[in-house]
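Line order of the protein sequences matches chains A and B. Going by the numbering used here, the first residue of the first sequence is number 163, and it counts up by one from there. Going by the numbering used here, the first residue of the second sequence is number 808, and it counts up by one from there.
Since the hints were derived computationally from the structure, they do not count as laboratory data. Please note that a few of the clues may not be correct.
Quick list of the computed label-pair ranges, beta carbon to beta carbon [what the hints assert, rightly or not]:
hint, chain 1, residue 1, chain 2, residue 2, range
1, A, R224, B, S1534, 34 to 40 Å
2, B, V1531, A, P386, 25 to 31 Å
3, A, D327, B, D930, 30 to 36 Å
4, A, T171, B, E1064, 54 to 60 Å
Every residue, glycine too, gets a C-beta built ideally from N, C-alpha and C.
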Amino acid sequence: MKPTSFDYTAPSTVGEAVALLGDEEREAKVVAGGQSLIPMLNMRLARPELLVDITRIPELGRLHVDGSGKLRIGAAVRQARAAADGAVREGWPLLAVAIGRIGHPQIRHRGTVCGSLAHHDPAAELPTAAVCLDARFVITGPRGTRTVGAEDFFVATFSTAVEADELLTEAVFPPLPAHHGWAFEELTRRHGDFATVGVAVVLERDTATDTVRSARVVFCGAGPVPVRLPAVEDALVGTDVGEHALAAAARVALARLAPADDVHATAEYRREGAAHLLVRACTTAWERC
Amino acid sequence: MSHASDRDRSDQGNSNGTWIGRSVPRVEDDRLLRGNGRYVDDIALPGAVEAAFLRSPHAHARIESVDVTAALTAPGVVAVWTGDDVADLPAMLNKEELRTPPGLAALLDPLVRMTPMPLLARDKVLYVGQPVAVVLAENRYLAEDALELVEVRYAPLRVLVDPEHALGEDAVRLHEDLPDNTAVAVATRVGDPEAAFAGAHAVVSERFEAHRYVASPIETRAVSAQVDPYSGRLTVWSGTQTPHRLRDAIAHTLGLESATVHVIAADVGGGFGQKGILYVEELLVPHAARRLGRPVLWREDRNENLTASSHAREQIHRIELAADAEGRIVAVRDRITVNFGAYNMTGLVVPYNSLCHLLGPYRVPNVHIDVTGVLTNTTFATPYRGAGRPETVFAMERAMDRLAAELGIEPAQLRARNLVRPDEMPYATGLVDRSGSPQSYDSGDFPELLRRAVAKADVEGVRARQREGARDGKYVGIGFAMYIEATGLGPFETARIDVAPSGRVRLAIGAPSQGQGHRTSMAQIAADAIGVPFDVIDVVGGDTEATPFGVGTIASRALVNAGNATHRAGRLVREKIVEAAARRLGVDAGGLDLSDGIVRAGEPGGPSISLAELAGKAPLPGIPEPTDGRHGTEISETVHFRPPGFAVASGAHAAVVEVDEHTGEVEILHYVVVHDAGNIVNPMIAEGQVTGGIAQGIGGALYEEMVYGPDGQPRTGTYMDYLVPTSSEIPDLDMDEIFTPSPMNDLGVKGLGEGGAIAPQAVLAGAVEDALRPFDVVVRRGPLSPSRVRALIRAAADA
Chain A
163 MKPTSFDYTA PSTVGEAVAL LGDEEREAKV VAGGQSLIPM LNMRLARPEL
213 LVDITRIPEL GRLHVDGSGK LRIGAAVRQA RAAADGAVRE GWPLLAVAIG
263 RIGHPQIRHR GTVCGSLAHH DPAAELPTAA VCLDARFVIT GPRGTRTVGA
313 EDFFVATFST AVEADELLTE AVFPPLPAHH GWAFEELTRR HGDFATVGVA
363 VVLERDTATD TVRSARVVFC GAGPVPVRLP AVEDALVGTD VGEHALAAAA
413 RVALARLAPA DDVHATAEYR REGAAHLLVR ACTTAWERC
Chain B
808 MSHASDRDRS DQGNSNGTWI GRSVPRVEDD RLLRGNGRYV DDIALPGAVE
858 AAFLRSPHAH ARIESVDVTA ALTAPGVVAV WTGDDVADLP AMLNKEELRT
908 PPGLAALLDP LVRMTPMPLL ARDKVLYVGQ PVAVVLAENR YLAEDALELV
958 EVRYAPLRVL VDPEHALGED AVRLHEDLPD NTAVAVATRV GDPEAAFAGA
1008 HAVVSERFEA HRYVASPIET RAVSAQVDPY SGRLTVWSGT QTPHRLRDAI
1058 AHTLGLESAT VHVIAADVGG GFGQKGILYV EELLVPHAAR RLGRPVLWRE
1108 DRNENLTASS HAREQIHRIE LAADAEGRIV AVRDRITVNF GAYNMTGLVV
1158 PYNSLCHLLG PYRVPNVHID VTGVLTNTTF ATPYRGAGRP ETVFAMERAM
1208 DRLAAELGIE PAQLRARNLV RPDEMPYATG LVDRSGSPQS YDSGDFPELL
1258 RRAVAKADVE GVRARQREGA RDGKYVGIGF AMYIEATGLG PFETARIDVA
1308 PSGRVRLAIG APSQGQGHRT SMAQIAADAI GVPFDVIDVV GGDTEATPFG
1358 VGTIASRALV NAGNATHRAG RLVREKIVEA AARRLGVDAG GLDLSDGIVR
1408 AGEPGGPSIS LAELAGKAPL PGIPEPTDGR HGTEISETVH FRPPGFAVAS
1458 GAHAAVVEVD EHTGEVEILH YVVVHDAGNI VNPMIAEGQV TGGIAQGIGG
1508 ALYEEMVYGP DGQPRTGTYM DYLVPTSSEI PDLDMDEIFT PSPMNDLGVK
1558 GLGEGGAIAP QAVLAGAVED ALRPFDVVVR RGPLSPSRVR ALIRAAADA
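The following block holds chain A by itself, in its conformation from the complex (with noise of 0.2 Å):
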């Protein structure tokens, strides 16, 4: 459990992290917290020629809220201060709970957001959280700054829209308007494992006819990225939440979940606890729209 041999940098600029990933010389790695890297490296999973410490970075440790009301996450910004964030605990409420489910204390103060979004681990509570809020990201590379949305960020387990020679800079969350309510939920085998099965949900209340104008279900461990499934969606839009929506929601997660067995739980456990998790979820965000 020791890894092979690498270098380490720490620039100060975005421009320089760019150009020492870009460069095709050697191979570089990203590290801020290194949570999941450190461990790859020890085991000689990942074996890079060179780790660009992004921490030093100073615009990459901002978090705040912009003139347009979104939130944007540096990719330094460790998970603990995230979830302590007044504005953060205030207005993405489901962000500040999805971290506070990550491992224990001693991870959420090393870890970063961007880093978890960045390494993807599909049973993981942020990439799920981002993807349930909408979130968007920013990535800057030789070839400029481009910024993907959720969906099209998270590509297979441990791979996302981030090239080789790229870097994600920040995380963007935007409001969640009036009339939104919000839950996640996660089944774990002990406290602060990777969820089994997990949902994020954000419902929106019609407040004229008192039912769900819009839902937003993404489910984690339950595939090779966060799936959304909009037919779950669907079957929640124009109800009330009741037994019966909730029952026929449940059944559509049911048939179309399709997670995979490993040793900690069967595909048939997984799915079940999506569709439990998914009655539970909603009925605490309808209370909160």
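Using the hints, position chain B against chain A.
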């Protein structure tokens, strides 16, 4: 949580000392908490070479060739050795553990086949993780770089993971010199079980499986070795539970005199049995130090610990209980299959422990048990905290629950009807114990243990809640499990006490500590035995120079063996001190008393002398006065305590759980433990031991499993997949205890290091089954992960 340690035990049993029975704070803790521990990795050896092992990626394969050429030229590499390079060293055998006691051999004639393990595999590899080559390099990083350059060609063979398959007629043989894959076999009978079954009112017949899980000490294994060029002596630091056995094995393997090998186990971060056996790394590292003429270090990493240090627990029980209409057991039959893994490391230890603890606290007149240990292409299995008892208690207690269900008797009631009573002690079971003598329970009060557990767990309250039905899909249930544990395994342990001229007392014991707090508890025993203050005593353990003979800290034996050796040595030292004082004071020894380090004549105001004055007073500068009739000041005694029989500890656990029908999650609402370990030396340490054991037991019951694929690949090789419970997963424990002193030793003590770990699997399985009674499920295997619990409910619904 009730704190047993809140109460001191000066009133208990036969102890009237001033230190025994008190929760003396551990003298170890200040040092350890300040980071001043001395674990193997803390020993700095300048100029040391680090070892890394190339381990087999195959579960079963023939080695066709090994090419180390590229590895030898890698930066920092000092040497690369394969099986051929160490072929002159004898293969490894855990000789002590593989020896069948003569009594057992004579009475039961067990089969025990030896499978010596090559220090590095030569022709075949038998499990994933088996050492194939070792790289010695300037540091571990460079050593691991070079490992990648060793080229091994393997020809894969058929893989056996399932022990019952391994016993099949056409099964491939792991060890080609053996006729089949049986490693050990032993059977025993009492009475006429066939007749009893034929005439029984009720019979329960089940197949229960204890699943494989592992010890996970917080400090992985580690070995350092150095040859002193001045003396030529070899010093080895190892996190071992048995330093004297390791010393002798190193000497045997390397062709040395035992007296020239010095083994030190200083601080050890948990052993739990995993460090109680020999490993090839412990022999190769000292060999390398001698061959290279440089100190050599090896630190096991967590992957290695999970996949290549010993595993435990995997057993299959085909158990049958026969009972009369009142639920009195008339016979037990059990066919036990133990998965040994690739080598027979510890012979009968685990299988026979399972055999002779199956009946537990129950009276069973007719018995037939047979046990087979089977070789498979998995990591070898050895004792782990409980060592065959958690497995066998799981089978027996599960069977008791099934019998209770069959007869419609409250499970605690059924147990109560079958318990051996205190007035039957000493109770002969009819079996033969592990040392080969007729098995006898020396002491205990099993009905009282159960009575207290039942009262604390509030069975009636749970039944009332069950009648109300589930709340939000959550079902409540209660389980019970009882066990006995024959503790204090011999053959002996050593204690040596020396009184220094300053009056300080040095106690050296053969048994090392892996966190049990020997420096505290043994000093408490010595302080009372001699009559000196606790804080004048220094305890040394785990050093073969301090005591030339010793066995080790395994099998819940240290307190019984080393504790009583300490007690006896202390009493002898006390006599010497009193005699010396009598001569000095010119009075009769009979009228003198030694307490608190001062010898006093009986009457108030009489003459007195302190131990410091007595031991240190010299009539001429530098020439001490004889104090004991012989030359010199030596006040010293060495005692080898040999236990006459087992001190039988016992316990009753109860658990109330809530099971979520939808998620399969199990929440422990109330965990009750009532235990009996005879007289307690340090209640706080005892409570810690019981708590730690239960935590590991809950780990096995709900979280931990070492999973193999059918290809023999471990699927839980990191802590991402192998789930050890943290403090968040362990509930508060409701603890109570009774004290039935053991008549087998002067102190009346019994071992308790393992007890806590024995019952949790059984008690939680019983509680979950009870909670799911509306679904009519039977729990036959753990761990009770949410996925497995849901599968039980689903299968019951589909049935």
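We went through each hint and held it up to the structure:
The hinted range of 34 to 40 Å is satisfied by R224/A and S1534/B, whose Cβ atoms lie roughly 36 Å apart. Distance hint check for V1531/B and P386/A: the Cβ-Cβ separation is about 28 Å, which falls inside the suggested range of 25 to 31 Å. For the pair D327/A and D930/B, the beta carbons lie near 49 Å from each other, so the given range of 30 to 36 Å is not met. For the pair T171/A and E1064/B, the beta carbons lie near 55 Å from each other, so the given range of 54 to 60 Å is met.
Violation of the numbered hints given earlier is confined to hint 3; every other hint is satisfied by the structure.
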